Amino acid sequence: MKGTSLTLLANPRLEATVATTFDVVAWEMELAAARCLMLDAMLGRVMGLLSPQQQAEFRDGMHTVDLLSQQLTGLSSFARKMSEKVPADVSAQVDEALGGITLGALADRMTVALGGDEKGINDGEAAGDVDLF
Amino acid sequence: MIANSARVVVADTDRTVLELLQIRLELAGYRVFVCRGGDELIDMTKVARPTAMVLDLNLSGLGASVVLDQLRRKNLLNFPFLLMGKNMTPESLQEALRLGARSCIVKPFSGADVVERVNWMMRTPPQGPAPILAPISASGPPPRRPSVYLDA
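Respectively, the protein sequence lines represent chains A and B. Sequential numbering from 8 applies to the first sequence in my numbering. Sequential numbering from 7 applies to the second sequence in my numbering.
Hints listed in this document are in silico derivations from the structure and should not be mistaken for laboratory results. Remember, predicted model here, so these are calculated numbers, not experimental data. All C-beta atoms in this analysis are idealised placements derived from N, C-alpha and C, irrespective of residue type, glycine included. Check each hint, because a few of them may be wrong.
Here are the simulated DMTMM-like cross-link-like pairs (lysine to aspartate or glutamate), alpha carbons at most 20 angstroms apart as the crow flies [what the hints assert, rightly or not]:
#, chain 1, residue 1, chain 2, residue 2
1, B, Lys80, B, Glu122
2, B, Lys92, A, Glu91
3, A, Lys88, A, Glu35
4, B, Lys80, B, Asp119
5, B, Lys92, B, Glu25
6, B, Lys80, B, Asp45
7, B, Lys92, A, Glu103
8, B, Lys92, B, Asp119
9, B, Lys92, A, Asp47
10, A, Lys88, B, Glu46
11, B, Lys80, B, Glu97
12, B, Lys92, B, Glu32
Derived, one-sided and incomplete: chain B residues facing chain A with beta-carbon distance under 8 angstroms [said to hold, decoys possible]:
#, residue
13, Gly35
14, Arg37
15, Pro114
16, Val121
17, Asn125
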């Protein structure tokens with residue numbers, strides 16, 4: 008089990024304002040959209056290596072990646088704007104929701120961004136680790 | 007596409023912001039160097055010789071003000087830089103101007119906004135003090151989170 012899961016168990020009452028939570032979700036969606044753009048660029052390079060028939064089959068997949076990127080960018084913008092709209096004094100417990108994130112690096116980043124660093128939760132460097140247990 | 011020789015150093019404590027900006031700027035054609043703290047940023051600047059820099063106002067370790075002052079004293083601050091910050095106040099904007107920032111952007115922002123800002127910095131030579139786009143001295147508080155406050 009990675010650091011975040013352990014520390015959340017030890018310190019299970021992590022609270023954050025809803026505005027901050029929207030901010031953090033917006034950042035993560037923005038990052039996901041950027042990763043989609045990177046994938047799109049890689050697929051574009053692969054396209055050049057394919058036969059015309061394969062390119063035609065590949066095109067739908069590329070279109071889907073492009074749509075996904077736009078969808079994530081739109082959702083990120085929505086979350087960012089919502090963070091400005093919600094009252095600053097509304098808070099919620101976030102530990103249970105964070106506990107449901109199985110991608111270790113994502114859970115770590117979000118925990119720290121939601122105030123976990125101030126509660127002694129490690130800002131680990133591990134990336135891409137999946138915590139299944 | 008920007009020439010390969012254009013190098014951008016990005017400094018922020020938040021790993022999400024770092025990766026987001028690295029991907030976005032690399033896709034725009036820049037060579038990107040990232041770091042998370044002020045001390046590391048000074049070392050990286052010496053090695054990378056950046057053509058532009060994007061840094062958070064509240065860096066961990068040595069803050070942005072100290073880092074920029076040190077770089078200036080060592081004659082290493084010969085490139086445009088963009089300051090990022092959360093909840094920027096009129097005072098922090100004045101501080102950004104004092105530090106010589108060409109541009110400021112308020113968190114949270116979209117990655118596309120930062121690429122646009124960096125592109126602008128790279129193609130626009132500094133021309134002295136620039137107009138402040140946000141109502142720094144206007145009556146009442148500034149908008150809570152505009153995407154861009156000022157250009158310098």
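Hints and how they fare:
Restraint check for Lys80/B and Glu122/B: not satisfied, since their Cα atoms lie roughly 29 angstroms apart, outside the 20 angstroms limit. Taken as a hint, the Lys92/B and Glu91/A pair is honoured in the structure, with Cα atoms around 12 angstroms apart against an allowance of 20 angstroms. For the proposed pair Lys88/A and Glu35/A, the alpha carbon gap of about 15 angstroms is at most 20 angstroms, so the pair holds. As the CA atoms of Lys80/B and Asp119/B are separated by approximately 31 angstroms, the hinted pair breaks the 20 angstroms bound.
A threshold of 20 angstroms between alpha carbons decides the hint, and for Lys92/B with Glu25/B the separation of about 18 angstroms falls inside it, so the pair holds. Proximity of Lys80/B to Asp45/B is assessed by CA-CA distance (about 14 angstroms); at most 20 angstroms being required, the pair is judged to hold. Taken as a hint, the Lys92/B and Glu103/A pair is broken in the structure, with Cα atoms around 27 angstroms apart against an allowance of 20 angstroms. The suggested pairing of Lys92/B with Asp119/B holds, with an alpha-carbon distance near 15 angstroms, which does not exceed 20 angstroms.
With a C-alpha separation of about 31 angstroms, the suggested pair Lys92/B and Asp47/A falls outside the 20 angstroms cut-off, and the hint is violated. At most 20 angstroms may separate the alpha-carbon atoms for a hinted pair to count; Lys88/A and Glu46/B exceed this at roughly 33 angstroms. Taking the CA atoms of Lys80/B and Glu97/B, the gap is near 26 angstroms; set against the 20 angstroms cutoff, the hint is violated. This hinted pair does not check out: Lys92/B and Glu32/B have alpha carbons roughly 24 angstroms apart, beyond 20 angstroms.
The criterion of a C-beta within 8 angstroms of any C-beta in chain A is not met by Gly35/B, whose closest approach is roughly 11 angstroms, and the hint is violated. The interface hint given for Arg37/B is violated, since its Cβ lies 15 angstroms from the closest Cβ of chain A, which is over the 8 angstroms cut-off. Residue-level restraint check for Pro114/B holds (minimum Cβ-Cβ distance to chain A is 5 angstroms; threshold 8 angstroms). For Val121/B, the interface hint is violated, since its Cβ never comes within 8 angstroms of a Cβ in chain A; the closest pair sits about 10 angstroms apart.
Annotation: Asn125/B was flagged as interfacial toward chain A, and the flag is violated, the nearest CB pair being 16 angstroms apart, outside 8 angstroms.
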